[in-house]
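There are 2 protein chains.
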Amino acid sequence: MSKGLPKRSEDYSAWYNELVKRAELAENSDVRGCMVIKPYGYTIWEKMQAELDRMFKATGHVNAYFPLFIPKSYLSREADHVEGFAKECAVVTHHRLKISEDGKGLVVDPEAKLEEELIVRPTSETVIWSSYRNWIQSYRDLPLLINQWANVVRWEMRTRLFLRTSEFLWQEGHTAHATQPEAVAEAKQMMEVYATFAEEQMALPVVRGIKTASERFAGAVETYCIEALMQDGKALQAGTSHFLGQNFAKAFDVKFASKTGELDYVWGTSWGVSTRLMGALIMAHSDDSGLVLPPKLAPYQVVIIPIFRSEEELETISEKVLQIKTQLESLGISVKYDNRDTQKPGWKFAEYELKGVPVRMAIGTRDLQNNTIEVARRDTKEKEMYTLDSDLCERIKVLLNDIQDHIYQKALAFRKENTTRVDTYEEFKEVLDTKGGFILAHWDGTAETEAKIKEETKATIRCIPINNQQEEGKCIYSGNPSTQRVVFAIAY
Amino acid sequence: MSKGLPKRSEDYSAWYNELVKRAELAENSDVRGCMVIKPYGYTIWEKMQAELDRMFKATGHVNAYFPLFIPKSYLSREADHVEGFAKECAVVTHHRLKISEDGKGLVVDPEAKLEEELIVRPTSETVIWSSYRNWIQSYRDLPLLINQWANVVRWEMRTRLFLRTSEFLWQEGHTAHATQPEAVAEAKQMMEVYATFAEEQMALPVVRGIKTASERFAGAVETYCIEALMQDGKALQAGTSHFLGQNFAKAFDVKFASKTGELDYVWGTSWGVSTRLMGALIMAHSDDSGLVLPPKLAPYQVVIIPIFRSEEELETISEKVLQIKTQLESLGISVKYDNRDTQKPGWKFAEYELKGVPVRMAIGTRDLQNNTIEVARRDTKEKEMYTLDSDLCERIKVLLNDIQDHIYQKALAFRKENTTRVDTYEEFKEVLDTKGGFILAHWDGTAETEAKIKEETKATIRCIPINNQQEEGKCIYSGNPSTQRVVFAIAY
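Taken in sequence, the protein lines are chains A and B.
Position in the first sequence counted from 1, then plus 31, gives you my numbering.
Position in the second sequence counted from 1, then plus 31, gives you my numbering.
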């Protein structure tokens with residue numbers, strides 16, 4: 032199955048595209064820029080959703096649902112916001128089709144033109160703050176802590192499965208607060224929720240940081256983010272959390288009466304992660320044989336493959352396997368038993384390797400006689416014979432935890448190796464050309480320097496890390512004084 | 032809070048609209064025909080989703096995600112299908128906005144016109160069968176059992192919250208099978224899943240049946256449905272499951288090779304329920320004081336209200352309440368403790384009555400002394416003093432089961448009372464005018480008669496019940512012979 036998967040070292044981009052397709056995660060649809068998320072990929076997304084949703088609710092948020100469509104005029108209300116999104120909008124102009132005059136096809140019915148065009152939401156700040164105006168009157172209505180799971184559309188010319196698609200799935204939190212410190216604390220909290228999720232569930236180490244003004248969300252006062260490093264040395268922004276100040280409250284006239292009766296605009300945040308996380312998960316851990324999935328997000332954590340030559344053999348093996356399966360499941364481990372006789376064991380081994388199943392167990396007649404079972408872990412490809420005793424399932428549970436941890440440690444070590452401190456622009460460009468990765472360098476804090484560096488090298492400032500070490504230095508580009516290093520990288 | 036809620040007997044429609052708003056289930060957005068589902072309403076929908084999703088997976092289905100947009104030409108492929116949906120489509124024609132020439136607003140950029148218009152999916156058969164063409168080659172790829180949770184858009188001129196909105200949330204199952212009997216069995220199975228869900232979770236008795244040709248889904252060979260009766264005597268279609276024959280397989284050229292190597296078109300089904308179920312839930316059970324929610328779908332099943340005059344009293348009461356809450360939660364019961372001092376107990380009683388919380392418990396200092404707690408059930412409004420003993424929480428659990436069952440029995444009794452057998456057209460019209468409800472009458476089986484009756488009375492054939500009793504009779508309209516009674520009603 033993995034035959035012919037391109038090697039990462041030769042063509043990382045082709046490797047990624049092929050892997051996404053062959054592992055049946057997603058594919059391009061006939062609709063430009065829109066993907067189909069296939070069942071195996073969607074199951075991983077469902078697991079991400081379930082854990083994120085649990086974390087959001089544990090921090091006091093509730094879910095709601097707001098309209099897909101946004102009146103065109105709403106988009107204009109917040110100046111930066113419209114600037115950021117107007118150029119990539121799917122615009123609904125009509126509400127009816129009719130049979131064409133030659134009777135052969137469908138045409139847009141010119142009589143069904145909308146009075147005001149509708150935009151398919153690229154993000155929902157405008158439509159949500161327009162509702163909040165009616166929901167918020169007094170301090171008693173605050174904080175308002177709402178999340179939405181939804182699809183959004185940002186028209187993209189160059190798309191890549193999961194990483195950049197015209198339609199994608201995401202969650203967007205939108206909160207309203209009585210005070211600035213509360214809203215800032217919320218935005219930071221959600222960055223921390225995302226970081227914890229990435230590290231503990233996705234086994235993906237991330238840098239927590241703040242975006243520079245030019246990389247900020249359109250309409251935000253401050254954008255907090257988590258940044259991850261992929262195996263090709265490129266950075267991937269994995270989640271953002273925005274402190275919106277009073278920008279949207281002012282644009283949509285959302286005021287509240289304080290305890291003392293004074294009227295003031297409320298303070299807002301918004302935060303989101305998307306199916307882009309699927310791209311991060313795939314690119315961070317997988318290898319030339321296929322996916323490597325952290326056990327916590329794997330559709331099934333263990334696959335058991337029987338080795339048999341006859342139906343009788345299969346029957347005897349199955350009896351034992353079903354016992355093991357039940358025991359594993361009682362420990363909360365998800366198990367697939369692939370007893371198909373239409374495919375050979377070797378084919379199945381390759382298939383589940385490609386699909387990244389964390390643990391593969393194989394058992395044949397000889398094993399039964401020896402009271403053993405072969406256990407292979409996907410991450411290191413190590414194989415070991417386990418005894419079929421009462422400890423077996425507990426040992427598998429420990430192994431799964433080991434794998435989860437090992438995948439994280441490996442990614443962390445990779446990031447360490449690929450994070451470089453440079454002090455001159457020459458060094459900077461050389462590291463970019465040869466090694467890539469995160470580059471820690473001094474920057475003078477100006478948008479001009481940032482733009483020049485981007486123009487000349489394509490590298491952007493991924494973030495200014497939270498609790499960043501302060502040190503005297505000189506900007507690698509302008510030579511002007513700087514008080515801290517920021518994280519540069521070529522980014523997805 | 033419930034002050035001023037219109038009475039069902041006086042204006043059922045106004046009662047419904049007001050209830051949906053005041054109970055904070057949903058509201059109209061500024062976008063024509065699109066609703067905002069508020070957190071309290073969305074929590075009910077999440078509970079519905081969770082149980083339906085569990086039932087779909089238990090019957091072998093997996094989730095996936097297909098594009099929001101459908102190329103216009105796809106819609107034309109299946110003749111009946113296009114007929115059914117072309118007139119209510121949101122059409123995307125452009126992919127960019129630009130600043131208007133006067134610099135004051137946004138206009139559609141004429142240079143960003145799409146080559147082919149995109150339709151926001153009204154349902155996904157076309158885009159999904161277009162994928163299935165690539166996914167299905169041989170009998171080994173079948174059955175393909177896929178479900179999608181999504182938003183869809185059908186442009187509506189007259190909308191009502193939950194019941195008929197331009198955008199709504201739903202799930203749509205799309206399956207492909209090697210044989211006709213398998214596909215028919217799947218369509219019937221999913222009707223049965225819906226019926227079980229309605230009856231066991233929503234406490235809503237339903238008639239399982241088959242639609243007449245004129246009420247069939249656009250593109251289906253047979254439509255199975257569940258039909259429920261609302262308190263105003265109108266019917267509501269609560270879910271449909273379609274046997275599609277080979278219609279979409281032919282339209283999208285989806286063939287498979289059988290075991291013997293022969294090529295044939297695959298057989299399809301599709302099935303869906305939507306946020307319309309929220310409307311059914313509200314209208315079937317609620318009363319003039321507000322919502323009545325079956326415990327299995329209530330956002331919280333128990334609310335506890337402390338009666339106190341001082342902070343000290345509240346503290347003593349809270350100590351006891353938190354014990355009870357913990358115990359209830361350990362039995363899997365969801366509990367809200369409303370200890371706010373900003374609202375009086377009477378206000379809270381009315382509030383939770385309006386919101387349909389199944390069980391309300393109230394406890395004050397006197398109760399603590401007497402070792403009692405007041406327990407009120409929402410459905411019958413009966414109150415009883417319970418002893419604060421070790422059995423308390425188990426009794427609440429039993430009470431919640433009683434309430435679930437009682438709500439169902441009440442709705443079932445209502446349906447029985449409001450199901451009438453008639454043998455003449457005069458009787459038919461009189462029952463429609465005076466009582467409404469389900470009317471069981473003989474029909475000659477022709478679309479002409481069905482259309483005439485609809486034209487003259489607005490009543491439609493809701494369904495031909497599954498396993499319908501066969502009996503000789505004469506059509507109430509034409510007098511022609513008939514072998515069975517069908518279910519007529521005025522429908523939502």
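It is worth saying that the hints were derived from the structure and are not from the lab.
Errors might be hidden in some of the hints.
Same chains, same names: a pair is fine if it fits in one copy or spans any two.
BS3-like, lysine-lysine: derived pairs with alpha carbons at most 30 Å apart [stated by the list, open to error]: (1) Lys118 / Lys351; (2) Lys52 / Lys281; (3) Lys129 / Lys489; (4) Lys327 / Lys78; (5) Lys135 / Lys118.
Predicted model only: the values in this text are computed from it and were never measured.
Here's how the hints hold up against the structure:
1. Taking identical chains as interchangeable, the C-alpha atoms of lysine 118 and lysine 351 are never at most 30 Å apart, the minima being 60 Å within one chain and 59 Å between chains.
2. When the C-alpha separation of lysine 52 and lysine 281 is checked against a cutoff of 30 Å, the pair qualifies only between copies, where the shortest distance is 26 Å, while the shortest distance within a copy is 46 Å.
3. In this homomeric assembly, lysine 129 and lysine 489 come within 30 Å of each other (Cα to Cα) only across copies, at 27 Å, whereas the closest approach inside a single copy is 48 Å.
4. Taking CA atoms no more than 30 Å apart as the test, lysine 327 paired with lysine 78 passes in both settings, with 8 Å inside one copy and 24 Å between copies.
5. When the C-alpha separation of lysine 135 and lysine 118 is checked against a cutoff of 30 Å, the pair qualifies only between copies, where the shortest distance is 16 Å, while the shortest distance within a copy is 34 Å.
Taken one by one, the earlier hints fail for this structure only at number 1.
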